[in-house]
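Respectively, the protein sequence lines represent chains A and H.
Each residue of the first sequence is one higher than the one before, starting from 229 at the first, in this note's numbering.
Each residue of the second sequence is one higher than the one before, starting from 1388 at the first, in this note's numbering.
Just so you know, not all the hints are guaranteed correct.
Using C-beta positions, here's what the derived DEER-type ranges look like [what the hints assert, rightly or not]:
hint	chain 1	residue 1	chain 2	residue 2	range
1	A	SER345	H	SER1524	21 to 29 Å
2	H	HIS1596	A	VAL428	25 to 33 Å
3	A	ARG261	H	ARG1498	16 to 24 Å
4	H	ALA1571	A	SER279	17 to 25 Å
5	H	THR1632	A	ARG423	41 to 49 Å
6	A	PHE287	H	GLU1583	31 to 39 Å
7	H	GLU1583	A	LEU373	37 to 45 Å
8	A	VAL288	H	ARG1516	34 to 42 Å
9	A	ILE305	H	ARG1516	44 to 52 Å
10	A	PHE381	H	ARG1498	37 to 45 Å
FYI, nobody ran anything at the bench for these hints, they're computed from the structure.
Since the model is a prediction, treat every value here as computed from it, not as a measurement.
Even glycine gets a Cβ: it sits at the ideal position worked out from N, Cα and C.
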Amino acid sequence: MDQGLGVSRRGYLGSTFGLPDFALSVAQLWHSRDLLWHMTVRHLRGQYKQSILGYAWAFVNPLSMMLILSFVFSQIIRIESPGDVPYPLFVLMGLLPWIFFSSALGSATDSVVGAASLVTKVYFPREILPTAAVLTKVVDVGFGLVILAALMFFFGHAPPMTVVWVPLIFAIQLLFTLGLSYPLAALNLYFHDVRFLVGVALSLLFYMTPVIYPVDIVPERYHIIFDLNPNALFIDAYRRAVLMDISPGADRLLLGLLIALLTFLIGYYLFKKMEPGFADRI
Amino acid sequence: MLTGYELNAIEFHQVSKRFQLQEGRTLREFIPAFVQGRGFSHPFFALQDVSFSVARGETLGLIGRNGSGKSTALKLMAGVMVATKGAVRVNGRVSPLIELGAGFHPDLSGRENVFMNASILGMSGKEIRSKFDEIVSFAELSDFIDTPVKRYSSGMYMRLGFSVAVHSTPDILLVDEVLAVGDAAFQDKCMAKMREFQAQGVTIVMVTHALEMVKEFCHRAILLEGGHLVAEGPPAEVVQHYTETIVHTEEMVISP
């Protein structure tokens, strides 16, 4: 019997979500790891099930974006990628983390609203929903890496030793993405405007993040904007590690980790504060 | 605060549940209302100052008209909703039989949905694997378990949902009108399973309009009316009280 995880404590969970509750809800989340796994698999299996190409669609988005951006920004408008990195490689290394961030955030925002029939009937830790939505997109990153590897082979660009940094950078980016997705998923229940707001914000942010251009060409006085954008930091770190044989720098990573951790803690806290009202709002 | 609650599976202590009847849920409607300081929504009490308890192993019937607060009470027990005032205590693993198959994904097979639904109900992967065959054979779906559930008939859908829920070894089973659907043979099977649960000492709370079933099956009944608890006691008496009040209100409606 799971007495410790019974319903009785949920009455006060929303009102004062303190440190002990935090530990308790992490324990509960651990208890529900099977559910998280099944939920992620469900998303994944459901995602492309109706389509003829199936999982091949996971390649289409980054590949087509990479091709069109490479054409526009290396043939029509010339953007110099730093070092001897070919532009298609340079842009793909920015696109993959960006597509992960934006698709994960978009799908997580709709995750709780989309599971209305479940949320109003059964209790389970609700953070499972946005977490599973984000984890589903991790698989797409895997497909993206296949394209990247193929493109690197095509350009004869061997991966340097510094690629060992990539899992760490990704872990930090994942933490940051989760941290943003929790409050957005919760707020979207209260105001359906949130999903549209997220859509607009993401398309604006795409241009304010160094995906199609390197940060180096940004005038000095605007650097502050990019310093405040964690995705700029992550993308820069990936490019250095994968394409340029430069380690991302411990101080930069530590800053990224700090921002990600703070975002995660605040985001999770806000989500848990709003959670008791979910079923009332759907 | 509550004494001897270990003996009880469920305790409601002066529970009220208020809903905000919303005018809308876009920022365009919210911001003017917020700025002008008027309320964004109208409060509505689905339950008001309701206290009762359900002992371990007891079967309780919740009756009342539509909108009397029965389903809200069930949702509070399931932990889906949180009381506005008062305390709800639930001791043990709750399995809600509320609208079976709610979590089914139409494109996934029966097999995948069993794993999905069972884990939502708190079963571990190991537990599900060990009971999988039992779940499938109880639902009589052995031949169709790898078919996407969107191809299922509503009866098949419901049987699978019921089977998963009853195999989740609940301490407390919450039943909301689900036994009203399905053919006679499967209904008998469900009732047999419920009797088995009763014998095992599982606490059962059922919301139903089938008053005969309440009389026959429940140990005790509660009548809710407009969010208030108006009668509590032996099922036969509470059911009689209910039928009398229905007749009474119908007379009032007809007479003018």
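Status of the hints after comparison with the structure:
1. For SER345 of chain A and SER1524 of chain H, the Cβ-Cβ distance of about 27 Å falls inside the hinted range of 21 to 29 Å, so the restraint holds.
2. Separation of HIS1596 of chain H from VAL428 of chain A is about 48 Å and departs from the stated range, judged on CB atoms against 25 to 33 Å.
3. Between ARG261 of chain A and ARG1498 of chain H, the C-beta spacing of about 20 Å keeps the proposed range 16 to 24 Å intact.
4. The beta-carbon spacing between ALA1571 of chain H and SER279 of chain A, approximately 42 Å, falls outside the hinted interval of 17 to 25 Å.
5. Look at THR1632 of chain H against ARG423 of chain A: about 46 Å separates their beta carbons, and that is inside 41 to 49 Å.
6. Between PHE287 of chain A and GLU1583 of chain H, the C-beta spacing of about 52 Å breaks the proposed range 31 to 39 Å.
7. Taking 37 to 45 Å as the suggested C-beta distance range, the pair GLU1583 of chain H and LEU373 of chain A does not conform, at roughly 52 Å.
8. For VAL288 of chain A paired with ARG1516 of chain H, a C-beta distance near 36 Å keeps the hint of 34 to 42 Å intact.
9. ILE305 of chain A and ARG1516 of chain H have their C-beta atoms about 57 Å apart, which leaves the hinted 44 to 52 Å range violated.
10. Separated by about 39 Å at the C-beta atoms, PHE381 of chain A and ARG1498 of chain H satisfy the suggested range of 37 to 45 Å.
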